[in-house]
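Required output: the full structure, derived from the provided sequences and hints.
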Amino acid sequence: MTDAIYPQVRVVSERLMNPETVERVMNLIIATGGVRRVILNGPRLPATVPYGPAKGLPNPTEMRRKIKIAGQDVQLEVHVGNIVLELENRDFIPAIREACEKGITKFSWYLQEGRFMKTEPSLVDYAKYGPDADKTIVGLTEPGKSGLVILQGNK
Amino acid sequence: MAYKPQYGPGSTVVAENRRKYMDPSHKLEKVRDISDEDIVLLMGHRAPGAAYPTAHPPLSEQQEPDCPVRKLVAPTDGAKHGDRVRYIQFTDSMFFAPAQPYLRSYLESYRYRGVDPGTLSGRQIVECRERDLEKYAKELVSTELFDPARTGIRGATVHGHSLRLAEDGMMFDMLQRCVLDKKGNMVKYVKNQIGEPLDKEVKVGKPMDDKWLKAHTTIYHSLGGIAFRDDAEYIEWVQRIHSLRTKYGFMPEE
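If you read the sequences in order, they're chains A and L. Throughout the first sequence, residue numbering follows the numbering used here, covering 1 to 155 in sequence. Throughout the second sequence, residue numbering follows the numbering used here, covering 1 to 254 in sequence.
Treat the hints with care, since some could be wrong.
The calculated DSS-like cross-link candidates involving lysine-lysine, where the alpha carbons are at most 27 Å apart (straight line), are [what the hints assert, rightly or not]:
id: 1; chain 1: L; residue 1: Lys200; chain 2: A; residue 2: Lys55
id: 2; chain 1: L; residue 1: Lys182; chain 2: A; residue 2: Lys68
id: 3; chain 1: A; residue 1: Lys55; chain 2: L; residue 2: Lys4
id: 4; chain 1: L; residue 1: Lys203; chain 2: A; residue 2: Lys102
id: 5; chain 1: L; residue 1: Lys183; chain 2: A; residue 2: Lys106
id: 6; chain 1: A; residue 1: Lys66; chain 2: L; residue 2: Lys182
id: 7; chain 1: L; residue 1: Lys206; chain 2: A; residue 2: Lys106
id: 8; chain 1: A; residue 1: Lys55; chain 2: L; residue 2: Lys188
To be clear, the hints were calculated from the coordinates, so they are not data collected in a lab.
Printed below as a string of structure tokens:
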């Protein structure tokens, strides 16, 4: 579970970001060394057509692909519009801002401070994970999807 | 004095566009060429060149009841041949797409015969006989009512009208039915409206620039466009209608 002492920030861009942009900016953000947890948020890109007469057909799109963050493969399942970060402390915020300035150059973006990750497991989390859920991942990923990625060797 | 429809209030470009598109005497400006075959491919109801499947025998071959209304109303081409009822559905981005669902339904009702438009918040569907539909769809796609980047032809999974645009200015589409070919600055449909892959790409033209979009849009948008609140005449009429509707039960008198 999120400890209240860890600050959270959210990077919101004017446009939904292509995988290349996400890869570039995320590598810069991770390189700051102050990131504990990340959520890449945006509208979902399903692997198969979810509704209609074509339901179940494969859904090839350019936006749903694997990117490399800190040397590790990450399967994008959304068209990223928001990057939610939990940081070690507030001192990293200027570095995150600088990373975004370098990484997102084609359009505007802003950075907000606040609480953006779940602080308590909800009833739905209880139904999904049961009473003994790992509290560090509640709200980070969906069960049944590809799950979360642990970026090794960054600490 | 003969009734002359006014189509809608408003003193801004947006209001003017709305009136223009609804008015059947205004000829819609043709912006791009699209072939009949491409329209059939985009909609995906039948294979190009195939015969129109029918829902009933042609009217000339079946016994019509003696009905004064049937004598009065000439059947459309599709009805005459007994075509099936099929649809085309559009999604219009809030970022200055030329049309929007309510307007689409209004303009189709004013301009076309035998249509059944359905309005939803983020999409608009129009149903009619297949033969007629192809004719109407061609006009809807090849004229100023359509922008390749900000308007989508989407039968299912329509999500995207209120989302941020992609980096290349295309509206979000989880099925990515159309892609922007950056080399030729051309939008190509690679899937039909329900998301089945097409055998050949269908080119629907170049995305229009921001200046064109803002001059042709029918959407009020306070960020970058004309804010609804800036159209005093429109506001006055909306408030008047709202007030009269609210007071209706009390016999309002003006």
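Hint check:
no.: 1; hint: L:Lys200 <-> A:Lys55; verdict: holds, 21 Å
no.: 2; hint: L:Lys182 <-> A:Lys68; verdict: holds, 24 Å
no.: 3; hint: A:Lys55 <-> L:Lys4; verdict: violated, 47 Å
no.: 4; hint: L:Lys203 <-> A:Lys102; verdict: violated, 35 Å
no.: 5; hint: L:Lys183 <-> A:Lys106; verdict: holds, 18 Å
no.: 6; hint: A:Lys66 <-> L:Lys182; verdict: holds, 22 Å
no.: 7; hint: L:Lys206 <-> A:Lys106; verdict: holds, 21 Å
no.: 8; hint: A:Lys55 <-> L:Lys188; verdict: holds, 22 Å
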